[in-house]
Structures are given as C-alpha cells and as structure tokens.
Amino acid sequence: MLAPPDGLVLVAKRDCPTCVLIEPVMRQLAFSTSTVTVFSQDDPGFPSAVGGVVDDRHLEASYRLNIEIVPTLIRVQGGREVGRVLGWHRGEWEALAGMSGLGAGLPDSRPGCGSLSVEPGTVEELAVRFGGVTFAARRVEVADRQDEIEACYDYGWSDGLPIVPPTLVRVHRMLQGTIRDAREIVGLVPPNLAPCSVEKVAINAVMAGCKPEYLPVVLAAVEAVLDDAFCMHGVLATTMYVGPIVIVNGPIRHRIGMNWGVNALGQGNRANATIGRALQLVIRNVGGGKPGGVDRATLGNPGKHTFCFAEDEDDTIWEPLSVERGVLSGTSAVTVFAGYGLQGVVDQLSRTPESLAKTFAACLGAVQHPKKFLGADAFVVMAPEHYRTFREAGWSKARTKAAIEAELRIPARDVLEGVDGIAEGMPAAMAGKVLTKFRPGGLNLVRAGGKAGLFSAILAGWAASGERGSVPVTKEIKS
Amino acid sequence: MTDPRVLLDPTGEMEVAGRQRLARPASLDGLTIGIMDIAKSRGDVFLDRLDEQLSQRGYKVRRYAKPTNTRVAPLALRQRISTEVDVLIEGLSD
Chain W
4 MLAPPDGLVL VAKRDCPTCV LIEPVMRQLA FSTSTVTVFS QDDPGFPSAV GGVVDDRHLE
64 ASYRLNIEIV PTLIRVQGGR EVGRVLGWHR GEWEALAGMS GLGAGLPDSR PGCGSLSVEP
124 GTVEELAVRF GGVTFAARRV EVADRQDEIE ACYDYGWSDG LPIVPPTLVR VHRMLQGTIR
184 DAREIVGLVP PNLAPCSVEK VAINAVMAGC KPEYLPVVLA AVEAVLDDAF CMHGVLATTM
244 YVGPIVIVNG PIRHRIGMNW GVNALGQGNR ANATIGRALQ LVIRNVGGGK PGGVDRATLG
304 NPGKHTFCFA EDEDDTIWEP LSVERGVLSG TSAVTVFAGY GLQGVVDQLS RTPESLAKTF
364 AACLGAVQHP KKFLGADAFV VMAPEHYRTF REAGWSKART KAAIEAELRI PARDVLEGVD
424 GIAEGMPAAM AGKVLTKFRP GGLNLVRAGG KAGLFSAILA GWAASGERGS VPVTKEIKS
Chain F
935 MTDPRVLLDP TGEMEVAGRQ RLARPASLDG LTIGIMDIAK SRGDVFLDRL DEQLSQRGYK
995 VRRYAKPTNT RVAPLALRQR ISTEVDVLIE GLSD
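Chains as they are written, first to last, in this note's numbering: chain W, 4 to 482; chain F, 935 to 1028.
You can take every hint at face value.
Covered by chain W, according to a simulated footprint, are these stretches of chain F (three or more residues, beta-carbon under 8 Å):
id: 1; stretch: 941–947
id: 2; stretch: 1003–1014
Calculated pairs, SDA-like style, for lysine to any residue (alpha carbon to alpha carbon, straight line, at most 20 Å):
id: 3; chain 1: F; residue 1: Lys1000; chain 2: F; residue 2: Leu1011
id: 4; chain 1: W; residue 1: Lys481; chain 2: W; residue 2: Arg176
id: 5; chain 1: W; residue 1: Lys293; chain 2: F; residue 2: Leu1026
id: 6; chain 1: F; residue 1: Lys974; chain 2: W; residue 2: Pro430
id: 7; chain 1: F; residue 1: Lys1000; chain 2: W; residue 2: Val297
id: 8; chain 1: F; residue 1: Lys974; chain 2: W; residue 2: Gly469
id: 9; chain 1: W; residue 1: Lys293; chain 2: F; residue 2: Met948
id: 10; chain 1: F; residue 1: Lys974; chain 2: W; residue 2: Gly428
id: 11; chain 1: W; residue 1: Lys293; chain 2: F; residue 2: Arg1005
id: 12; chain 1: F; residue 1: Lys994; chain 2: F; residue 2: Leu1011
id: 13; chain 1: W; residue 1: Lys375; chain 2: W; residue 2: Arg471
id: 14; chain 1: W; residue 1: Lys404; chain 2: W; residue 2: Asp350
id: 15; chain 1: F; residue 1: Lys1000; chain 2: W; residue 2: Glu470
id: 16; chain 1: F; residue 1: Lys974; chain 2: W; residue 2: Ala431
id: 17; chain 1: W; residue 1: Lys214; chain 2: W; residue 2: Arg273
id: 18; chain 1: F; residue 1: Lys1000; chain 2: W; residue 2: Asp231
id: 19; chain 1: F; residue 1: Lys974; chain 2: W; residue 2: Arg299
id: 20; chain 1: F; residue 1: Lys974; chain 2: W; residue 2: Tyr244
id: 21; chain 1: F; residue 1: Lys974; chain 2: W; residue 2: Ala466
id: 22; chain 1: F; residue 1: Lys1000; chain 2: F; residue 2: Ala973
id: 23; chain 1: W; residue 1: Lys293; chain 2: F; residue 2: Val1006
id: 24; chain 1: W; residue 1: Lys293; chain 2: F; residue 2: Gly946
id: 25; chain 1: F; residue 1: Lys974; chain 2: W; residue 2: Glu470
id: 26; chain 1: F; residue 1: Lys974; chain 2: W; residue 2: Arg471
id: 27; chain 1: F; residue 1: Lys1000; chain 2: W; residue 2: Gly469
id: 28; chain 1: W; residue 1: Lys375; chain 2: F; residue 2: Lys974
id: 29; chain 1: F; residue 1: Lys1000; chain 2: W; residue 2: Ala466
id: 30; chain 1: W; residue 1: Lys293; chain 2: F; residue 2: Glu949
id: 31; chain 1: W; residue 1: Lys293; chain 2: F; residue 2: Ala951
id: 32; chain 1: F; residue 1: Lys974; chain 2: W; residue 2: Asp298
id: 33; chain 1: F; residue 1: Lys1000; chain 2: W; residue 2: Arg471
id: 34; chain 1: W; residue 1: Lys375; chain 2: W; residue 2: Ala466
id: 35; chain 1: W; residue 1: Lys478; chain 2: W; residue 2: Asp231
id: 36; chain 1: F; residue 1: Lys1000; chain 2: W; residue 2: Pro194
id: 37; chain 1: W; residue 1: Lys214; chain 2: F; residue 2: Pro938
id: 38; chain 1: W; residue 1: Lys293; chain 2: F; residue 2: Glu947
The set of hints was computed from the structure by calculation and includes no laboratory data.
Since this is a predicted model, take the numbers as computed values, not measurements.
Note that CB positions come from ideal geometry on N, CA and C, so glycine has one too.
Extracted from the complex, chain F is given alone in its bound form (with noise of 0.2 Å):
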C-alpha cells in the first residue's frame, strides 16, 4: 500500500513576498498627494470632498481612477501612480 497519511498540497503553493511597508511620513509637507476612485457609486462625492480639503490646505493632490470598480487596477496605472505621488488615498469599498 502507499502510505495513505501522504497527501497532495491543494494550494497554489506560492511563496508570498514579504514586502516592508514605506514609512509612515512624518509630514505631508511638500508630498504629492494621490487620489485613486475605485469607481465605487458615490465614491467620487466623497473624494472630491477630500480632495477640496487637502487642496484648501495647499497639499498637491493628483487624482487617479480605476475604469471599474469590479476588477484590480490595471498594471499601468499603478505604475503611473507609483511614479507620480508619494502617498495614496484610495477608497477600497463600500
């Protein structure tokens, strides 16, 4: 008999990348702040209303969105993002 306690891994068995967080800025003083809308209905009233914030108190806002809130942001707007601003706001759902 071949052992029966000897099973088959049902996972996608993937080596999940430990990534360090960036620090937390200490001030947002001259940063680029980024504002992505995920395309959630009524999400961009609140954005907006964050962006006019950030924006009354001088901080540099850039806004970004995603062409449907159902699938993950494509590849070259996250890279975009990454290259653009130095911290993110980003709604992630209801």
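So here's chain W without its partners, still in its complex pose (with noise of 0.2 Å):
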C-alpha cells in the first residue's frame, strides 16, 4: 500500500452504525475538499456517492494505519499524520478538516465501533501478511487435498496424538506470548545437539497444544532440562521409564489456570497437559529424540506424552518446591525432574505424623524395589488430608521429610543380594554399613491433590539420580 496522500484520511465500515449515521458527512468531505481518501473495510460500495472509495477488505490500510476504531478521521501531512479523531464528534472533526458546519442535523457525537483489523485473531494475521513478520524456520507446504493433521503425522512431527499445525499465524501468535527475541537460542538440544531458538520452541508449543501465556513456562522447562546437570541425552537414551516431569510454582500457576487440585496429575487442565507436552515434542523435534531411535525405554511410561502439574501453595507452613530450592517466595519457576509413576501411597487410619511418616517410608522402601537402596531419587505428592496430619501436628517440610529418611535406614544385611531368597539387591561388598534409601537430597516433597482423599503419591526417579546421572533442576520463569 501507498502511504496515503497528504490531506484526510477516512476509515470506515458498513457495518457500523456510526459510520453509517454519519454517511452525509463523508460525502460533504468528499464534495468540498479534494485531498480526503476513504478506505471502506467491508464494502467498496460505502459510503455511497462518494467517488474513489479504496477497497480495503483486505485490511491492509486499516493494519498499516492502526485503526481500532471506526470511522477514525485523519489528517496526514508532509506524509505524517498529525491528528486523529476516533468515533465521531462533531467539533473535533470541524477542527481536523478545518471545515464548519458538518453534519448538521446529526447529533453531536456518537462512538464509533470496533475495527475488523483488530477482531480476535485478525491482528496476527495482518501482522505476517503486511507486518514484516519473519521466520527463520522452513516452510512446509502440505498438498493441496491433504489434511494438515495428517501431514504433521506423515513428517513424523507427531507424539502419537493429533497436533495442531503449525501455521504462521499460530506461531506468530505463540511468540506473542514472551518478550524474548525468537531468534534467541534456548540451549542445543540432544542427542542431536541442535540449536534450539525460541522459535522452534514456539512451533511446538502450538503443536502441543498451548496457549501463548504459556510459552514462557514451556522455555523456562525447556532451558532446565538442557541444563548440563539434568543429563537430557542420558534421560531419553536410557531403558528405564522416565521422562521429564515438570512441577511449576508461583504466580504464573494462577495466571494460566493450572491445576493443582482436584486429579492434579490427571488429564482436563490445558495447560497442565500441554506444557509437558510441548517440552517432550521440542526434544522430538528439535533434538531428534525419538523412540526406538536413541529413546531406548524398555517400557517409558504414559508421563512421556507430558507430565506436567503446578504445586499447591495455597498454605504456607511448608515452603513450595521452588523456594526450598532457592527460588525467591512470589517469584515463578519450574522444576524438572526425571521421574515417572505414579505409585500410590494408601493410608486412610494414621492420624499421627509418626505413624503416617511410616507409611510413607513403607511406600518408598519399594522404589526400584525394596533392596534396591541410594539409586534413585523420588519425589512425594502429598495429597492434603495426608499433609493435613503432618501440619496439624506442627511438623514441618524438614521434619516429616527427616522422620520418613530415618525410617528408610537400614543394616546393608538386610537387603543384600541373595537375602529373602531373592537374587537382587546390594553388593555383598556392603555388608556391615547401613544403607539409606535415598541420597542426600534424594527425597522431595511437594503438595498437589483434591481436598478429599487419603491418597498420596511417590513419583521415582532414574536409577541414576545424582551427579553420576540427573539431578532435578530448577529455573525462574522469565516473562
């Protein structure tokens, strides 16, 4: 589009009331003055009787121009606008075309409507057609007769679920959700070590399903996974069940409607569901990561499609996951962890924090397995009837999680090959010490459930938790 000449600039629609009311007065410009240009956003017949009225049903004018309202007058000069009146009102219009006496007869003012440039998501669309919007990933077009779904399936894009096609304007959309820039690089993602921008992590945030809001929670658990210490490559090359599990806390839980009440680990919760989503489709996609690829899960679990939920932080005797692990109270974060499960701890008669810590030391004794000590790391879902004993009693995060650990100490005889006529278990070379089943940081807690139920959960960690292998990680949320 030509900018528009100098002289007033009208924008207009059929169907608007107000620019309709005020059809007499657009011809009354038209007629007195030749320098007025009329852009009619829905039909080149409106206003009528007006000659030259420029077709703008592609909104290109009305996008360049940045018309929210109309009829909006403008009066451009020396090829820069220099004035603009919205809606209409009689004075200010006689002002800005220097012209008296308009529209007599009409009332004063009125308010004009809403402009088609800016409807919901005709705003992003102007911006790739006429924005200068630029990618850098590869275009893909998908023939003529084929379904896009089905395409994304046939590229091998997919995680066995449907996805949404990454069109322009979605991921155009999708980077509207951060402040970053989308040509910044993330991290390499494994195995194949590929850079990974924010664009690329925006592509699949919109295949995994989500929101804008939530592109900066998936970039925040995408740099926390390509953190040396989480051992990425190892978590998807390894025949054991994890994946990423992604735990959020903060304000940001509030701000995007994550769940974690009611079946906190179920389906239902969008952005629950797509957030982990999106992060395991990034190391898909991105990294090369497939199963039966260098994902050598004997079995991987269903949390590979995501798992991903927010911690329940509406009581603040015990410290939310994220500030226990250094993250500043009211600030948001992820944490990643390489876990699946989940396995249940079922308790529905303690009611002192002595016999429930039991319980629950009972219930991890049996991660890996039951002789199986100082290899995996494990995290606790306390559901709140459970956490309610441990809070009535006083007791806090530390305390429980101590009073579980001591109950979790055990002589290395016990348990070591061979003993209980199972061939498993520790090297006979530790007989004599005592064993505990967790290493130092090994255990965590964290509270997430329906307010009824005496059932918590454990989700287990890697076999090789720890520095030899994952340890979780946690990052800040950026906006």
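Once you've looked at the hints, go ahead and assemble the two chains, each given alone in its own frame, into the complex.
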C-alpha cells in the first residue's frame, strides 16, 4: 500500500451504525475537498455517492494506519500523521478537517465500532501478511488435498496424538507470549545437539496445543532440561521408564489457570497437559530424540506424552518446592525431575505424623526394588488430607522428610543380593554398613491434589539419579 | 488470509553429515584393539573376559572407560581413542 496522500484519511465500514449515521458527513467532506481518501473495510460501495472509495477488505490500510475504531479520521501532512479522531465528534472533526457545518442535524457525537483489523485472531494474521514478520524456520507446504493433521503425522512431527498444525499465524501468535527474541538460542537439544531458538520452541508449543501465555513456562522447562545437570541425553537414551516431569511454582500458576487440585496429575487441564507435551515435542523434533532411535526405553511411561502439574501453595507452612530450591517466594519457576509413576500411597487410618511417616517410608522403600538403595531419587506428591496430619502436628517439611528418611535406614545385611531368596539386592561388599534409601537431597516433598482422599503418590526417579546422572533442575520463569 | 497450508518446520533442520564407515579389516593381525567400558553395571566382567581372550591370542589391547554411562563420552576421550587404536569394541548398554 502506498502512503496516504496529504490531506484527510477516513476509515469506515458499513457494518457500523455510527459510520452509516455519518455517511452524509463523508459525502460533505468528499465534495468539499479533493484531498480526502476514504477506506472501506467491508464494502467498497460504502459510503455511497463518494467517488474513489478505496477497497480495504484485505485490511492492509487499516493495519498500516493502526486503526482500532471506525470511523477514524486522520490528518496527514508532509506524509506524516498530525491528528486523529476516533468515532464521530462534530467539533473534533470540524477542527481536524478545517471545516464548519459538518453533519447538520446529526447528534454531536457517537462512539464508533471496533475496526475489523483488530478482531480476535485478525491482528496476528495481518501482522504476518503486512507487518514484516519473518520466520527463520523452513516453510513446509501441505499438498492441496492433503489433510494438514495427517501431513504432520507423515512428517514425523507427532508424538502419536494429533497435533495443531503450526501455521505462520499460530506461531506468530504464540511468540506474542514472550518478550524474548524469536531468534534467541535457548540451548542445544540432545541427542542431535541441535540449536533451539525461541521460535522453534514456539512452533512445538503450537503443535502441543499451548496458549501463548504458557510459552514462558515451556521456555523455562526447555532451559531446565538442557541444563547439563539434568542430563537430558541420558534421560532420553536410558532403557528405564523416565522422562522429564515438570512442576510449576509461583504466581504464574494462577495466571495461566494450572491445576494443582482435583485430579492434578490427571487429564483435563489445558496448561498442565500442553506444557509437558510441548517440552517432549521439542526433544523429539528439535533434538531428534525418538522412541526406537536414541530413546531406548524398555517400557517408557504414559507421562512421556506429558507430565506437568503445579504445586499447591495455598498453605504457607511448608515452603514451596521452588523456595526450598533457592527461588525467591512469589517468583514463578519450573522444576524438572527425571521420573515416572505414579505409585500410590494409601493410608486411611494414620492420624499421627509418626504413623503416617512410617507409611510413606514403607511405600518409598519399594522405589525401584525394596532391596535397592541409593539409586533413584523420588518425589512424594502429598495430598491435602495426608498433609493435614503433619501440619496439625506442627511438623515442618524438613522434619517430615527427616522422619521418613529415618525410617528408611536399614542394615545392609537385610538387603544384600540373595537375601530373602531374591537375587537382586545390594552388593555383598556393603555388608556391615547402614544404608539410606535415598542420596542426600534425593527425597522431595510437594503438595497437590483434591481436598478429599487420603491418597498421595510417589514419583520415582531414574536409577542414575544424582551427580552421575540426573539431578532436578529449577529455573525461574522469565517473561 | 495467509495460507493455512503453509507450516513452519518444528525440527532442528540439521543436515546430517553422511560418513562412510571405515572398511572392515580383513584381519586383526598387527592391529591395536580398543575396548571401551561405558561404565554400565557388570560390563567390566564381560569386557575383562574379552580382553583376556584377545590378549591370549596375541593381540594388542588397550582399555578405555567412560566416567558414567549416563552421558556421552567426553570429546577428549573420543579423540584419544581415534589416535591410539585401529578398531574398537564398545558395549552399548544393557
């Protein structure tokens, strides 16, 4: 579109009662001065009896002129806008037009209507068409009669479930969820160690079904798994079940509507479901990590589709996971943990913290194998009714954890290879030692779940938990 | 409308460098054989036996080990191996 000539520029649409009301005014202007350019958003025959109406049904002029309301009257001088009136206000129109006696008999003012160029979904569409938006990613054209979703399967982009086709408009809209530069490199994604830009994360977030406001969480989760301490390559390549489990803390949980209540680890919440999925799609598509390729999991687990939930922070007695891990209270963060599960902890009878701690210990003892110690980390997801027992007894998180760990100390002789007729167990060389089930820091407690039900859960970790393999990583969520 | 049938590639878009495998030697005579232990549990038992068998047959064997099975071998180790042996036996995993 050429820049509008000096003079008056008027943008209107027929589907606007105010525009229709002031049709005589538009004619008045058009007949009295030769420097009026009228753009019509929906009907080039409107306003009638005005020559040279510019058809703007493609909305290019409306986009470039940044029109939000119709009618809008603009004064252009020397190629630059020097004044603008939104809606109909006789005095302001007369001042801007330099004319008097406009719209005799009409009301003095009327608000306008929304411009078609700012209707939901249209802004991003116009930005891609006219706004100079560029993408670094290769463009892939789906054949005319091919179903887009089926095409995405054919390209190998799906985790097995249908994905949202990543069109230019959808990806541009997704990128509005962050202030970060689309070209910024987030890290190298294993196994191919492919450089991963914010744009690539956005493309995969679109495919996962994310909303733009989830993107900062997805980016933080990607950064977390790419931290060397998380050892994403090994987590992917292992024959064990594990995948990244994403736990979200802080105010963003509210802003994006995450679930930490009823069915927190289950289906039904878009943010929970799609953030974890987007992370997995980044590993698959950007990194090239696919089952049967570098992903050698014997069984895997359903959480490798998606495993993401928020922590319940409503009660302030137990500090949230992120705060425990050094993030300031009130700051949003993600923690990633190489795990799987869940394994239930069902105790409906314990009413003292001592009894309940023993229950948790007994159940945690089965992580990996009751006779295997010091291998896998674990996260306990404590449900509100279990948590109440500890809270009402005044037990802090640290005290609760210590009580559970104390119950998990055992003489090695009881769990050596061959003991109890089970070949599996700890090496004979450990005889004489006292073993702890978890390495220091290997047991974590978080809270989630519905208000009713004495049912907590254990998320078991990778057998190579700790420095030699994977440790949980926490990252602040940036905007 | 922008064309809804144009999609953006979600992959790493990496060009995979095609590498020819080295030709399989007709004989191991005179070659140095590397044995790489990836630090997987009990892998050493199997590899020790291999070492023993090869050495008994008069082959020159050099041993290498990764610090942990969970991570790829450090670059320096890979470079060292490539300059010190003619063929390599590497356990992959379970």
